[in-house]
Amino acid sequence: MTAEKLLTRNFGRADSHTLRAYLESGGYTAWQKAQALEPAAITEEVKQSNLRGLGGAGFPTGTKWSFIPKHHTGPVYLVINADEGEPGTFKDRYLLEREPHALIEGMLIAARAIRAAKGFVYIRGEYVEPWRRFSAAVKEAYDAGYLGRGLDVVVHRGAGAYICGEETGLISSLEGKKGWPKVKPPFPAIKGAFGMPTIVNNVETICHVPHIINRGAAWFASLGTKTQGGTRIFSVSGRVRKPGIYEASVAITLRALIYELAGGVAGNGRLKAVVPGGSSAAILRADEIDVTADVDGLRNAGTMAGSAGVIVMDETVSIPEALMVVARFYAHESCGQCTPCRESTGWIYQMTKRIVEGRGRKDDLDTILDVARRGAGTTICAFYDGAVGPYISYIEKFRAEFEALIPN
Amino acid sequence: MPRLTINGGEVEVPPGTNLIEAARKVGVEIPHYCYHPGLSVAGQCRLCMVDIEKTPRPTIACNTQAAEGMVVWTETDRVKETRRSVMEFHLINHPLDCPVCDQAGECWLQIYYMKHGLYEPRMMDEKVHKPKAVPLGPHVILDAERCILCSRCVRFCDEITGTGELGIFHRGDHSEIGLFPGRELANKYSGNVVDICPVGALTDRDFRFQVRVWYLDATKSVCPGCARGCNIDVHVNRRRPHHAEGRRVARLKPRVNADVNTWWICDAGRYGFTFVDDKTRLVTPSRRDGEAVTDVAWDQAVSAVAAALERAAPGEVAVVASAKMANEDLWALRRLLVHRGIRRVGFRIPPRVPGDEDAFLIKADKNPNSLGAELIGLEGNVRDLLAAARARQVKVLWIFGHDLFESALPEADVAAALRGAETVIFTGTSANATSERARWVLPAAAWVEREGTYTNFQGRVQRFRRAVEPLGQALAEWDILGRVLQALGAEATPPRAERWFRELAAAVPAFAGLTYQAIGDAGVMVTR
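Each protein sequence line maps, in turn, to chains E and V. Residue numbers are given in our numbering: position 6 of the first sequence equals residue 6, and the series is strictly consecutive. Residue numbers are given in our numbering: position 310 of the second sequence equals residue 1310, and the series is strictly consecutive.
Hints were generated in silico from the structure; no laboratory data involved. Wrong hints could be hidden among the right ones.
Straight-line C-alpha distance at most 20 angstroms; calculated DMTMM-like pairs for lysine to aspartate or glutamate [stated by the list, open to error]:
| # | chain 1 | residue 1 | chain 2 | residue 2 |
| --- | --- | --- | --- | --- |
| 1 | E | K362 | V | E1126 |
| 2 | V | K1279 | V | D1295 |
| 3 | E | K178 | V | E1159 |
| 4 | E | K178 | V | E1176 |
| 5 | E | K184 | V | D1051 |
Use the sequences and the hints to build the structure in full.
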């Protein structure tokens, strides 16, 4: 199930981040092609390719682009979300470090499609080397005349908040404000960065765009499932023999990904659970991994493809402890804006911590489930719904393990 | 104009109206914390959820604009359950220290818990601890543990005053309101954050621990602090007079008037009432002979003043009126001037320091009724009038309220004028350097102790009402002037402020047709 490599095809070259290496592998030819296309034709091609956002939400990319108001006369912005913060996800750092020109070329094409003259790349603050590599590539692209002739790119570094990866939190942060997600409507495509129509796309999503333009929507769509085209990079971590990034068709099964690409289960060798899409995705038991890893495949399995951060747990992993770690993360990273999220992430963390420490109370598990369900869907952004994924699924699927820790 | 249905009632609202405001129009209250009609929509508290038909889950009403044909339900089981949940979230880290909290009795956590919460508490863990009793500025003190992070105060300082002193710091359940480094909440409108704080997080340093709010009574009034005439409520403590060291006026709160002050008042006005219960108040008519001051009965003082006026020729009487007097007082004075044929009058005393003014509410003219005094015809040159007194051309000099020594007039000139007049009469609420040089002192009731109207700089005539009894024997100026007029043999004078206003409306074209009833709570414009 190892599809042709698109995003990672040059990763073997030590100089893959340079303009020379990128040009040698056919770089910037898609941009040449795109310059002859009408913006609407680019958007249409991307729609037909079934490219879906690879940052987490899986929204159809071409459809998102088409939301830019047709008659808007002021600036339009393209914002690249490189704030990769979803625990278990580390694909974008590789793309920024090893294929930065693919992002720049993708941005040129996307900016043409949405008629943006300025693009912002919001890079996670901890990503120092990716930021250096990408900034050097931006300079090369300016020097070579790709940038600065219709598109300017601003590289902006985040300061370490998970919530700044949420698209409107990112926009607030980019605007110089506290990284608080914004109430919607208005959506960013109508009123985004600095009050202007804005498209926010993930790094990997945009890196796919040159391939779609070069080889056609039909080809791209054929690489995946009926509803999602192409490949994606899976970040596989946890108890596997060969943790790392693996580019594969979105239609690969989790089993194939773990056993064929990542070398199988490490630890005691017996699989206990898999989190398929970053920490916000609901957990799957060992017997639930014969599903395709595309957006709809995993949605049908009751979880989500998210950012394709696949976290593998063998039987020696304590699920209550894992939930406590996840709960601590969400309590720490909640922006604090909406009451249900602000208050209950901390509360749920305290309860999970007590359970792990042997101080759990009989009704704690039901309280966690009830609180999580009550808070779900009541907040400005998807952060809390992301936290609810693990809260509910870890307990529902491994309840006995939690109960064993609670004193009678 | 979109037409929509809320809980089965149809309503038509202007485009852009949100569902909270639309619901108000049909008498439906949607509970909320962070939404405030005077501020931007934050959408943070998540309490104002409603069900909208064809929408999969409850939606926040504050950020949803009314749309044609929208069908809204605010009391479905799902909405009630969501509210209950949100109330629980708001309260799990709240200290529940109502017995020692000043907000108790007017706290929206209390009100909404009783209306929409009533769940069994199940938070058994340690609450998050935050700073308590932190002074933010001269008027406001913060208890961060009580705060529900609605961000109204932050938005007020960002959007209304533009001063941006406050922010929300940290994240998650450690988030807290605070001052930016090196800042102080000392803008000219800082007290408003206490009003808009729905809980006990921001309390008023002047008011706190003085009296429980349920002992207070509210009276509609107008701020006398400047020419804007912001609408206010006067909160008085009549039921627990032993609290707050006998202070009767507990606090002033803004009263909404879209045409005057919207939701806000300035700090100068808010805290400008302390003179009412101050030791400097004049409480009995008195007569001064050199250093000796003798309290006298009203009858005695009134007949002495009337006799002094009768002894002097009309040209030998000068009156310094005040634009702090109500329209009713000024009209009574005008009648007296006409009755005696007195021409020397004026009311504009140049302030020693020019009043501050901004582009929002505060006006440089610190008098509430300059336009009223002008329209009633009391304009005149005070410098000339005082010059005449210095030149011993004035036998009776009657000063209302002003301390002429606290003005831009040269002190020596003022002193010479007061010496130059044979009889100086002072009428005002409080003793000052001018009153101390008067032979006759006639104590006036403060604005909260009486009825009346002011005409603000826009020409809006606004009523203020009596909140407390006059201190001692103080009387409204119209009452004092009426008694003097009667002693001078004038026609019957009205026994109530409202009747004086009727006379004024009948006599002065600008006020034609106006009545107390027409003025109502929001005021009405004069004809110009």
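Each hint tested on the structure:
{"no.": "1", "hint": "E:K362 with V:E1126", "in the structure": "holds, 18 angstroms"}
{"no.": "2", "hint": "V:K1279 with V:D1295", "in the structure": "holds, 17 angstroms"}
{"no.": "3", "hint": "E:K178 with V:E1159", "in the structure": "holds, 16 angstroms"}
{"no.": "4", "hint": "E:K178 with V:E1176", "in the structure": "holds, 13 angstroms"}
{"no.": "5", "hint": "E:K184 with V:D1051", "in the structure": "holds, 17 angstroms"}
Comparing the model with each numbered hint stated earlier shows that all of them hold.
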